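Residues per chain are reported as follows:
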Amino acid sequence: MIKFNQVHKRYPAGNHALKNVSFEIAKGEMAFLIGHSGAGKSTLLKLVAAIERPNLGTVLVNNQNVGVLKDRALPYLRRNLGIIFQDHKLLFDRSVFDNVMLPLQICGFDYRESHKRVRAALDKVGLLKREKSNPIALSGGEQQRLCIARAIVNRPTILLADEPTGNLDAAYAQEIMAIFKSFHQVGATLLISTHDSSVLQDTRVRTLELVHGELQTASPSVTSGQAASAGSVQTTDGTTSHSTGSGQT
Amino acid sequence: MRHALAQNIGVMRRMFASPLAAFLNILVIGIALSLPTGMYVMLQNAQGLVAQLSGTPQISLFLSMNAKTGDIDTLRNQLAQHPAIASVEFVARDHALEQLKQSTSLADVIGGLSQNPLPDAFIVYPKSGDAQALDVLRNELAKLPKVEHAQLDSAWAYKLEALLKFGRMAVVILASLLSLALIAITFNTIRLQILTKRDEIEVSKLIGATNGFIRRPFLYFGAMQGLLGGIMAWLIISLSLALLNHQLKALSELYASQFVLRPMSLGDSLSLLLFSLYLGWLGAWLSVARYLSQAEPR
Numbered sequence: 001m002i003k004f005n006q007v008h009k010r011y012p013a014g015n016h017a018l019k020n021v022s023f024e025i026a027k028g029e030m031a032f033l034i035g036h037s038g039a040g041k042s043t044l045l046k047l048v049a050a051i052e053r054p055n056l057g058t059v060l061v062n063n064q065n066v067g068v069l070k071d072r073a074l075p076y077l078r079r080n081l082g083i084i085f086q087d088h089k090l091l092f093d094r095s096v097f098d099n100v101m102l103p104l105q106i107c108g109f110d111y112r113e114s115h116k117r118v119r120a121a122l123d124k125v126g127l128l129k130r131e132k133s134n135p136i137a138l139s140g141g142e143q144q145r146l147c148i149a150r151a152i153v154n155r156p157t158i159l160l161a162d163e164p165t166g167n168l169d170a171a172y173a174q175e176i177m178a179i180f181k182s183f184h185q186v187g188a189t190l191l192i193s194t195h196d197s198s199v200l201q202d203t204r205v206r207t208l209e210l211v212h213g214e215l216q217t218a219s220p221s222v223t224s225g226q227a228a229s230a231g232s233v234q235t236t237d238g239t240t241s242h243s244t245g246s247g248q249t
Numbered sequence: 250m251r252h253a254l255a256q257n258i259g260v261m262r263r264m265f266a267s268p269l270a271a272f273l274n275i276l277v278i279g280i281a282l283s284l285p286t287g288m289y290v291m292l293q294n295a296q297g298l299v300a301q302l303s304g305t306p307q308i309s310l311f312l313s314m315n316a317k318t319g320d321i322d323t324l325r326n327q328l329a330q331h332p333a334i335a336s337v338e339f340v341a342r343d344h345a346l347e348q349l350k351q352s353t354s355l356a357d358v359i360g361g362l363s364q365n366p367l368p369d370a371f372i373v374y375p376k377s378g379d380a381q382a383l384d385v386l387r388n389e390l391a392k393l394p395k396v397e398h399a400q401l402d403s404a405w406a407y408k409l410e411a412l413l414k415f416g417r418m419a420v421v422i423l424a425s426l427l428s429l430a431l432i433a434i435t436f437n438t439i440r441l442q443i444l445t446k447r448d449e450i451e452v453s454k455l456i457g458a459t460n461g462f463i464r465r466p467f468l469y470f471g472a473m474q475g476l477l478g479g480i481m482a483w484l485i486i487s488l489s490l491a492l493l494n495h496q497l498k499a500l501s502e503l504y505a506s507q508f509v510l511r512p513m514s515l516g517d518s519l520s521l522l523l524f525s526l527y528l529g530w531l532g533a534w535l536s537v538a539r540y541l542s543q544a545e546p547r
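Sequence order for the protein chains is A and B.
Taking this note's numbering, I'd label the letters of the first sequence as residues 1 to 249.
Taking this note's numbering, I'd label the letters of the second sequence as residues 250 to 547.
Because the hints were derived from the structure by calculation, they are not lab data.
There could be a bad hint or two in this list.
Derived DSSO-like pairs: lysine-lysine, alpha-carbon spacing no greater than 27 Å straight-line [unchecked claim]:
(1) 27(A) to 181(A)
(2) 408(B) to 376(B)
(3) 70(A) to 376(B)
(4) 89(A) to 70(A)
(5) 446(B) to 498(B)
(6) 408(B) to 132(A)
(7) 89(A) to 446(B)
(8) 46(A) to 408(B)
If you're wondering where the values come from, they're calculated on a predicted model, not measured in any experiment.
Could you put together the complete structure from these sequences and hints?
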């Protein structure tokens, strides 16, 4: 589903954000991308969505080399992705409902059907009662959930989340993680970046750790079926190495 | 389809969110368009007048005061046999004076004259309407015996025609300049709109909006503003013509004629609206294209 092959990304300013990163995430897999801030997590996610392009190496999404995709083809790649942005990127000039409606408008989705979908997505994140509010009136956790609703309303096959629990307290963070797990259960592929070790405690999923742009523990790809047996060992591994990582920062 | 409708309604709402600014923009566009269009309407009217007056070119031959009846008959025969002349009409001096008394308010002045100051005259209708041929004929007729003066009556019409050509060129130049101004106005309005919608554009692009989707509402806005500007121009011209015609009525009554400025034709009105709509659209397109080319993530 997502495959990085010896990917390098260097910004014009000179910092080498990603160095020789290779990994693969299978269809239906859920993986966490961990590392200190500035380790290149956001850059990696941006490469998947072709918001940034790699300097070297290939990034394959659905067997499509997104690094060389034409500008004109980008919108159609991004319609298959649900992206949860670190800074939410909500629009405060319209209601909660209209924020979630935007991706469907962009795809030219059937008008009546899209109303149902928006309500379903809002229901899923528990914001159905706030559909008429302005997002500015929502709490941080609610804004994050709204962002998730907007990312899933299109029913994308791949969900990318950049620090979804960034500045939320533990209870909210657990809530968000529960939502992600429910998507995983229905077969979505998820790649979630976080520097927050607490959310990983009782997860049995794969972790990818970035340290100064280099991938540290790239556990072998596991399909969701195998995850129960093989994942448990790797998770303890991932969590341990991550704890030391966050201790340094 | 319904999404597009919703987008349209959004455009309207955005437009009337600041009605004064929108109105001022439309007014500026309307005035800018009404200047060349108004000039064009005036030219059309003048042209109609010229066509009416110079439809049949004629040469007036004024005879010398001492011309006798015999001289007049000889001249009449000469003219009637001339190959370039279609027909000839003789206006006796007494008859001309009588006509003058009837058709103008100068009757009192004329009545006070001790003798008839008008000469006998021939009105010659040439076969050809060509300006050069008429000129040659006029010179030839002027040399005939007892002819005091030969005047090509349509000469002034040709001069006016040349003047109209000059006017048309002025309209074209003015229209081009003000069209550019209209594009610039729209360009700037849309640029400001884009600045307030930067977040929306960024998010839309990140979640899969094509450039066409982003462009669409701005194109609607630009086209709508252009169209409303065109309607404004049409109203300005129609109102001006109505006011001018009101004054012209009094003026033409004094000259005992029936001249009114004709309003814009349906075709011209539609052209004006379509043209203003297109210019607004173009200005918006240029503005969005410029922004999108800069905002493309690399």
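Results of checking the hints against the structure:
1. Proposed proximity of residue 27(A) and residue 181(A) is supported: the alpha carbons are some 15 Å apart, at most 27 Å.
2. Between residue 408(B) and residue 376(B) the alpha-carbon distance is near 21 Å, which keeps this suggested pair within the 27 Å criterion.
3. At most 27 Å may separate the alpha-carbon atoms for a hinted pair to count; residue 70(A) and residue 376(B) exceed this at roughly 72 Å.
4. For the given pair, residue 89(A) sits about 25 Å from residue 70(A) by alpha-carbon distance, which is consistent with the 27 Å threshold.
5. For the suggested pair residue 446(B) and residue 498(B), the alpha carbons sit about 53 Å apart, so the restraint of at most 27 Å is broken.
6. With a CA separation close to 72 Å, the supplied pair residue 408(B) and residue 132(A) exceeds the 27 Å bound.
7. Between residue 89(A) and residue 446(B) the CA atoms are separated by roughly 13 Å; this keeps the pair inside 27 Å, and the hint holds.
8. Restraint check for residue 46(A) and residue 408(B): the C-alpha separation of about 72 Å exceeds 27 Å, so the hint is violated.
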